[in-house]
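There are 2 protein chains.
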Amino acid sequence: MRIGFIGLGIMGRGMVGNLLKAGHELIVYNRGTERMQPFVDRGAKAAASPAEVAAGSEITGVCVTDDAAVEAVLSGPEGLLEGLGPDGIVLDHSTISPEQTLRAARAAAERGAEWLDAPVTGGDRGAAAGTLTIMVGGSAAGFRRVQPYLQVIGKTLVHVGGSGKGQLVKLINNFIGGIALAAAAEGLTIGLRGGVPLETLMRVLTAGSADSVSLRLLAERLQSGDDRPGFSLANRLKDMDLALAAARALGACLPVGAVAAEMFRERAAAGEKDLDQTVLVRRYGGPEPGGSW
Amino acid sequence: MRIGFIGLGIMGRGMVGNLLKAGHELIVYNRGTERMQPFVDRGAKAAASPAEVAAGSEITGVCVTDDAAVEAVLSGPEGLLEGLGPDGIVLDHSTISPEQTLRAARAAAERGAEWLDAPVTGGDRGAAAGTLTIMVGGSAAGFRRVQPYLQVIGKTLVHVGGSGKGQLVKLINNFIGGIALAAAAEGLTIGLRGGVPLETLMRVLTAGSADSVSLRLLAERLQSGDDRPGFSLANRLKDMDLALAAARALGACLPVGAVAAEMFRERAAAGEKDLDQTVLVRRYGGPEPGGSW
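Taken in order, these protein sequences are the chains called A and B. So the first sequence is numbered by our numbering: it starts at 25 and just counts up by one. So the second sequence is numbered by our numbering: it starts at 25 and just counts up by one.
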């Protein structure tokens, strides 16, 4: 299959690697052109613009940072829309607002093409291993058409509803995970200040009702001391704010999530937005006054 | 071994059942005496008071509701202390404050005996199956002495530190789990209001970074519609408040947990304290205005 891909960040690189490995013909584009070279070396074609990617492929994947980046790829000069033909289909793996997704889907539909929102969870490891969970919003026919592509990059493939619903479910996932990370940070803080070693706490908590993906992630980072972003604090905050905005539009009142978002915002304001999200735990001041993790 | 047990609630009944099955000689006490009969039928001896239990056993288990109930068992008329000999050892499975635990441990020590705090997690199912996680505070020698008892009722047995540390870790477990339950309630509310079915949400979220024990528990209850308490809202609130009090004593500031506790308190004030903790989700008003779960 001729597959296009726009956005070769941490996540996109893993997906493109797997699509190449599966024998697909790839045409890629990245704003910073140096990221294309490793894939050109493996047989992919480098495009000069998003329009060229869309024009040259049956399915076009997109994986960029936020609403503004998707808008730039879509409608900028030589944007994706210019190259999108009447049978084109776009899979957007970015995590963006349901509203921006609806705008993109309408623009694609005007050209006879389809835009599926297909955000993913599973991190850089899942992207590299091809084991991502992918939540797809759009038509059932579109979901069927992209199966040969989805099955290469992911393991759990779920058609969650119409256009924008994939983004909504992704935001919910990251919203719940963000609060759970704050919960883990607050709980571990009590234990460490109370003199119980992290290893002891984790032996009990992972065998107890406190267990969660976020708790294990935080403990792993506390043990390694590694602050480099697997998932940056800025990205977590962005997703929690988008989830809260979606909730407000739906009339839901979510106090615990709102406070958790403010905790991440405080660390962002303190200059830590480009560090890993787990630096949130510093908000709570360490195992004892003045102590270090 | 001659084992005593005080408190035949949901959790205590499971533990005593397993101790009997393992061939131990049991002497039991419960304030409401009708709960003793099924165990008498299985060969246990019914005692007339906590003092009689302690006088007749090598190890005495206690599993009651709160600080006040432990105090009543310990120091009331014909209380446990009166029967506790110099080689006695008490295992307290109640979830209470570290402060009350320290008082009980001092009182036991004055009689030459030892009080181990040994709260559990795993719920009524874990108690019945003998697969509880047990976090023990007290001396290493005491922890070794009670192994024949612990290995019958639990699977993950962890000596977490000195007296009171078992309770501290248990409170942390229930604190983190309580916030995670609020997180799940808020996140699922967004999705249900947004028109995504619960089954679809759970397929994605359990394969994503939102996954947690609390999320699965809440979804199971929403699907069954069962409000009868596995773990009551009043008990969850009690544990979160105890965790927050412990955190304050340690100088930690925990805004997300404080707000989550207020959410549980609101449902308690609305008359739902004796229902299952998962009724918290009603706080958020259902899948759409006026809709039902």
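One should not assume that every hint holds.
Pairs count within a copy or across copies, as identical chains cannot be separated in the list.
[Stated by the list, open to error] Here are the computed lysine to any residue pairs in the SDA-like style, where the Cα-Cα straight-line distance is at most 25 Å:
no. : residue 1 : residue 2
1   : Lys45     : Arg169
2   : Lys69     : Asp298
3   : Lys297    : Pro279
4   : Lys179    : Arg227
5   : Lys179    : Ser163
6   : Lys45     : Glu123
7   : Lys179    : Asp250
8   : Lys297    : Glu286
9   : Lys45     : Ala96
10  : Lys297    : Arg169
11  : Lys297    : Glu49
12  : Lys297    : Ala131
13  : Lys297    : Arg168
14  : Lys45     : Ala282
15  : Lys297    : Ala46
16  : Lys179    : Arg240
17  : Lys179    : Pro221
18  : Lys179    : Ser248
19  : Lys297    : Glu82
20  : Lys179    : Val237
Hints listed in this document are in silico derivations from the structure and should not be mistaken for laboratory results.
- Item | Hints not upheld, ascending by number | 2, 6, 7, 9, 10, 11, 12, 13, 14, 15, 18, 19
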